[in-house]
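*Asks:* Here are the chains, one letter per residue:
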Amino acid sequence: MVQPDLLYSKEHEWVRIEGDRATIGITDYAQESLGDIVYVELPKTGKAVEQFGNIGVVESVKAVSDLFTPISGEVLEVNAALDADPAAVNRDPYGDGWLVKLKLKDASETKNLLSARDYEKLVTA
Amino acid sequence: MSAPVSDRTASPLIFELGQEGRATRYVEHGKPLQSFMPANVLRDDLPLPDNTELDVVRHYTSLSQRTFGIDVGFYPLGSCTMKHNPKVNDALASLREFAELHPFTPDDLSQGALQVMHELERSFCSLFGMAAFSLNPAAGAQAELAALLIAKKYFRDRGETQRDKVIVPDTAHGTNPASAAMCGFKVISLKSDARGRVDPVEIRNVVGPDTAVCMMTNPNTLGLFEERIHEIADAVHEAGGLMYYDGANANALMGNTRPGDMGFDLMHLNTHKTFTIPHGGGGAGHGPLGVAAHLVEYLPTPYVVRDGDRFRLDFDRPKSIGPVRSFWSNFAHAVRALAYLYANGAEGLTKVSQYAVLNANYMRVKIAEFLETPYPEICRHEFVASAQQLKKETGVRALDIAKALLDRGYMAPTMYFPLIVPECLMIEPTETESKETLDGFVDVLRDIVQTAKTNPQELLDAPVTTVVGRVDETRAARQPDLRWRASR
Amino acid sequence: MYTPHTKADIKAMLEAIGVGSLDELLRVPAELKLRAPLDVVPALPEYQLRRRMEQIAKRNDGVEYVSFLGGGAYRHYAPPAISALAMRGEFLTAYTPYQAEVSQGYLQAIYEWQTYICLLTGMDLADASVYDGATALAESAIMAINATGRQRFLVSRAVHPNYRAVLKTYCDGLDVAIDEAPLADDGTTDLRALAEMLRETQYAGVALQSPNFFGNVDTLDGEALQAVRNNGAVPIAVVAEALALAALATPASWGAQIVAGEAQSFGVPIAYGGPYVGFIATTNEHMRRIPGRLVGKTVDNAGRTAYVLTLQAREQHIRRERATSNICTNQAHCALIATIYLALMGKTGLRDVAALNLERSRELATAVANAGVRLRFSAPFFNELVADVGRPAGEVLSALRARGVLGGLDLGRWYPEYSTCILMAATELTTSGEIAKLAAALQEVTRVGAGV
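Protein chains in written order, with this note's numbering: chain A, 1 to 125; chain B, 1 to 488; chain C, 1 to 452.
Hints may be right or wrong, so weigh each one.
[As the list claims (entries may be wrong)] Pair by pair, the computed Cβ-Cβ distance ranges are:
#: 1; chain 1: C; residue 1: Y47; chain 2: B; residue 2: S434; range: 23 to 29 angstroms
#: 2; chain 1: B; residue 1: E436; chain 2: C; residue 2: P42; range: 27 to 33 angstroms
#: 3; chain 1: C; residue 1: P42; chain 2: A; residue 2: N54; range: 54 to 60 angstroms
#: 4; chain 1: B; residue 1: R204; chain 2: C; residue 2: K11; range: 39 to 45 angstroms
#: 5; chain 1: A; residue 1: L122; chain 2: B; residue 2: D45; range: 55 to 61 angstroms
#: 6; chain 1: C; residue 1: D221; chain 2: B; residue 2: V305; range: 41 to 47 angstroms
#: 7; chain 1: C; residue 1: N301; chain 2: B; residue 2: K392; range: 20 to 26 angstroms
#: 8; chain 1: B; residue 1: R306; chain 2: C; residue 2: D221; range: 46 to 52 angstroms
#: 9; chain 1: C; residue 1: P182; chain 2: A; residue 2: R91; range: 51 to 57 angstroms
#: 10; chain 1: C; residue 1: A193; chain 2: B; residue 2: H230; range: 55 to 61 angstroms
[Stated by the list, open to error] In the PhoX-like style, the derived pairs of lysine-lysine whose C-alpha atoms are separated by at most 20 angstroms in a straight line are:
#: 11; chain 1: B; residue 1: K31; chain 2: C; residue 2: K347
#: 12; chain 1: A; residue 1: K111; chain 2: A; residue 2: K10
#: 13; chain 1: B; residue 1: K366; chain 2: B; residue 2: K435
#: 14; chain 1: C; residue 1: K7; chain 2: B; residue 2: K435
#: 15; chain 1: B; residue 1: K366; chain 2: C; residue 2: K11
#: 16; chain 1: A; residue 1: K10; chain 2: A; residue 2: K121
#: 17; chain 1: C; residue 1: K11; chain 2: B; residue 2: K435
#: 18; chain 1: B; residue 1: K186; chain 2: B; residue 2: K153
#: 19; chain 1: A; residue 1: K44; chain 2: A; residue 2: K105
#: 20; chain 1: A; residue 1: K101; chain 2: A; residue 2: K47
#: 21; chain 1: B; residue 1: K391; chain 2: B; residue 2: K453
#: 22; chain 1: B; residue 1: K453; chain 2: B; residue 2: K392
#: 23; chain 1: B; residue 1: K453; chain 2: B; residue 2: K366
#: 24; chain 1: C; residue 1: K168; chain 2: B; residue 2: K153
#: 25; chain 1: C; residue 1: K168; chain 2: B; residue 2: K319
#: 26; chain 1: A; residue 1: K111; chain 2: A; residue 2: K121
#: 27; chain 1: B; residue 1: K153; chain 2: B; residue 2: K319
Note that these hints are calculated values from the structure, not bench results.
Just so you know, these numbers come straight off a predicted model, no measurement behind them.
The beta-carbon is built from N, C-alpha and C at its ideal position, and this holds for glycine as well.
Given only the sequences and the hints, what does the whole structure look like? Please build it.
*Replies:* Here's what the structure looks like:
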């Protein structure tokens, strides 16, 4: 399942841009291939992150996957609810399972991301 | 949290048993602690259960009966070398003169212990072609760490601090990259070729002035012999790097060929694999670290030195990386390993690895009749099979086969390792198993594969004969419950 | 040899494989064949190998001496029930419990071990074991380094010198610098100096040992703890004599966030230094940073209670170069021994053993003082004390040896300023007769003018 209104990275993260705010998560495809997610390690608020830089880790029972930000910015908020309920990432990767909210640094970076259609091609290839 | 639906088979925790004051008396009653120390340094309560010896004996006997060891049945766990652990080894390790010797006993009153360590060390040097071994590391992973610390110090002394890369093939044990990271090295993962080997050409492409160490095991974790190991070692050495031998698979070649002769500069042994130390449910291990002549000075302290017919612990080794352990060695295991060497001698040890290879190949050809073996050639002490095709046909995975084996009284092979083989089952029979045992296992496995085709659900439901069925690992990780707490 | 192969077996198996001989099967390349015969100890039948090893063992004369050796390895009473249970083959010959369904017993025992360590230390959780006390400290330092992102560590000079040496070995690998906090005159850490260091430099962690290497209770006080908190360093408690946990205020109660310990005292043979069993206990906050295996309680597919290795994504086999540690094999069997010891002793027995250690060590202190030897320190101590013999300790220890007594450790080996001091331990196994023998010998060899 790919959401039409989002942008995507090749590393299976999505980003929703609203004004100068960006919300980031992992895609349905990513959660599906990781299996039951048990823990998410996220950056501290206030941290400056660079496009495609490593910002954390997603753990399933027997796998660990790096989390890369699809876009640069400053971390405004992380999804603290995931500490108690990491399953939200499996259940609702584009909604309750969001990971990080950023204050955008450079909106033009979106040119480096995939459209929903291109991402769909990537994961069905 | 709601109570489990059916908990009849659960064994109570020791904390749920007993009554205060019920403990069996092993020592006389002591005076109140306050008569010796000020109250402000003492704890208030000691919330431990009091049980009689009989209660404790029954409790842990019951737990042992819910545990599978080599003594219970065939244990073909790949890369773990689960061979018979001779009982004489334990009897010798528990001799009073070994078991009650304090580590700070002066050297001249510990000559027996030092002799054990020295004889073991000298024998290992000859068997594996190394100049010296340190018996300090507690396990293979710690020996890897010590070896990489040696490499780091060695290059620092040579003014080659730019060497910060460690090359690790993709078939390597996970401890290799983890150990490298603990020394600040960056890991370069090397892809195996189509034959499951490291390609010397690939090595030439990645080595350079930043190469510190190349870590390999031979045979590798696919059970395949790296016959071009000399070319690989030459490439690494020409670039100025060091070769490290992960000895987890030493049971495949002991007495027949030596890592030292292959060009390795550093190596470890897992005596809890090759040399019959009981693994004890996850340790204690014992990880002797061997080095070539140019690295002897860097070994961890202390090192056992022989002066004439006397032995001593040498701590005064200025270039040493320092100790990696509180005390000198997992000494009781050194006793066991030496006893095993005496039980076999050079000729016996040579036969050990030959029979280990014989058993593995015999199983490989038998199993290849009904299960994919991705590398269909002569293997060493272990081999890999894959349930990839079976999964496509029937939905039955390696995991399901493993669980079905548990139902039939066998330990499962190593699963899903090495990572490059999908639906991998890694099988290591060891030399102490008879042809009948191997045949019995093969028949059971054949039957399981047949069942996958006729009644896959039975395997998906396995195991059903064990004290619990498949365990909810997701729940364990999402809601960690790592200890008992008194209910209030 | 422990191989079952008959000639007929070998023949049949080679035929099945399709090769003619074992040599053909092995296919060792010519350049890798052995060039010289192997020089390995000779093969002996079992009854002779036993005799041989027993002869070697007899050369450990040290076990015949009256001993006051301690310093991180302690002689305590271990009921035979421990080995009767722990040496059962199901436990002894199991591998790491990867297949939970056939490992429930061992997994439960480790869960009990983790609980015992939590109850003794007052912490939230504990791991399934690390190699020993020294590596527990080193791995705890790494936890603190990862928690704070800092590359400098502070350790008290009263922490076991071997532990500090191992800490240094590990920290060298990570390019982490170590500072040492000085000693106060009473044989504890100089907390004012420690606080001063904490005011000046940012540290990843700060480690104190209690009882410390000299046997003295040595913990952070309120002011020092405040200095640690202001600094942001992780407070770490080191425990080398785990029996003291049965008597002393818990590390949690004086502010430790990590406890790095050695549990050899709980029934594990002293065995010339190993195998022993290290543990790390910590607060929930540091759960994801703890190294090594963890056993968790969960349910099976029918809802029955079950135990399993958990939070494995921290570990080397999954996280590889970014694991919390490279540890794989730990000291499970020693942890099992310690668990059974604690179960047998119980609250009542463990308190009694602790009280007896206090009693015998005070009897030792009195005897030493009556022999005219000064006790070096004044702080409350557990089962070890420091005697200042007023001349090079090595000389006095040699003279005691000549009288059949291993009097303790020469502190000059690690502390030049204490080169006239001996570290002596007394446990529940130390008899009044042994203490009298030491005192008499001590009096003889330290008498003014006596040649030693």
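*Asks:* With reference to the structure, classify each hint as holding or not holding.
*Replies:* Each hint, compared with the structure:
1. C/Y47 <-> B/S434: 23 to 29 angstroms: holds (24 angstroms)
2. B/E436 <-> C/P42: 27 to 33 angstroms: Because 31 angstroms falls inside the window, the suggested range holds.
3. C/P42 <-> A/N54: 54 to 60 angstroms: holds (57 angstroms)
4. B/R204 <-> C/K11: 39 to 45 angstroms: Since the Cβ atoms of B/R204 and C/K11 sit about 44 angstroms apart, the hinted range of 39 to 45 angstroms holds.
5. A/L122 <-> B/D45: 55 to 61 angstroms: holds (60 angstroms)
6. C/D221 <-> B/V305: 41 to 47 angstroms: Between C/D221 and B/V305, where Cβ atoms are some 45 angstroms apart, the hint holds.
7. C/N301 <-> B/K392: 20 to 26 angstroms: Roughly 25 angstroms apart at Cβ, these two residues keep to the hinted range, so it holds.
8. B/R306 <-> C/D221: 46 to 52 angstroms: Holds - the Cβ-Cβ distance for B/R306 and C/D221, about 50 angstroms, lies within 46 to 52 angstroms.
9. C/P182 <-> A/R91: 51 to 57 angstroms: holds (56 angstroms)
10. C/A193 <-> B/H230: 55 to 61 angstroms: Check passed, 58 angstroms falls within 55 to 61 angstroms.
11. B/K31 <-> C/K347: holds (14 angstroms)
12. A/K111 <-> A/K10: holds (13 angstroms)
13. B/K366 <-> B/K435: At roughly 12 angstroms apart (the allowed maximum being 20 angstroms), B/K435 and B/K366 satisfy the hint.
14. C/K7 <-> B/K435: Holds, because 12 angstroms separates the two Cα atoms, which is no more than 20 angstroms.
15. B/K366 <-> C/K11: Given that 20 angstroms is the threshold and the Cα spacing comes to 15 angstroms, the pair holds.
16. A/K10 <-> A/K121: holds (11 angstroms)
17. C/K11 <-> B/K435: holds (11 angstroms)
18. B/K186 <-> B/K153: This hinted pair holds, its Cα atoms lying about 16 angstroms apart.
19. A/K44 <-> A/K105: Distance ~17 angstroms between A/K44 and A/K105 Cα, so the pair holds.
20. A/K101 <-> A/K47: Status holds; Cα separation ~11 angstroms.
21. B/K391 <-> B/K453: Holds, because 10 angstroms separates the two Cα atoms, which is no more than 20 angstroms.
22. B/K453 <-> B/K392: Since the Cα atoms of B/K453 and B/K392 sit roughly 11 angstroms apart, the hinted pair holds (cutoff 20 angstroms).
23. B/K453 <-> B/K366: holds (19 angstroms)
24. C/K168 <-> B/K153: holds (13 angstroms)
25. C/K168 <-> B/K319: Judged against 20 angstroms, a Cα distance of about 14 angstroms means the pair holds.
26. A/K111 <-> A/K121: holds (17 angstroms)
27. B/K153 <-> B/K319: Answer holds: B/K153 to B/K319 is near 8 angstroms, not above 20 angstroms.
Comparing the model with each numbered hint stated earlier shows that all of them hold.
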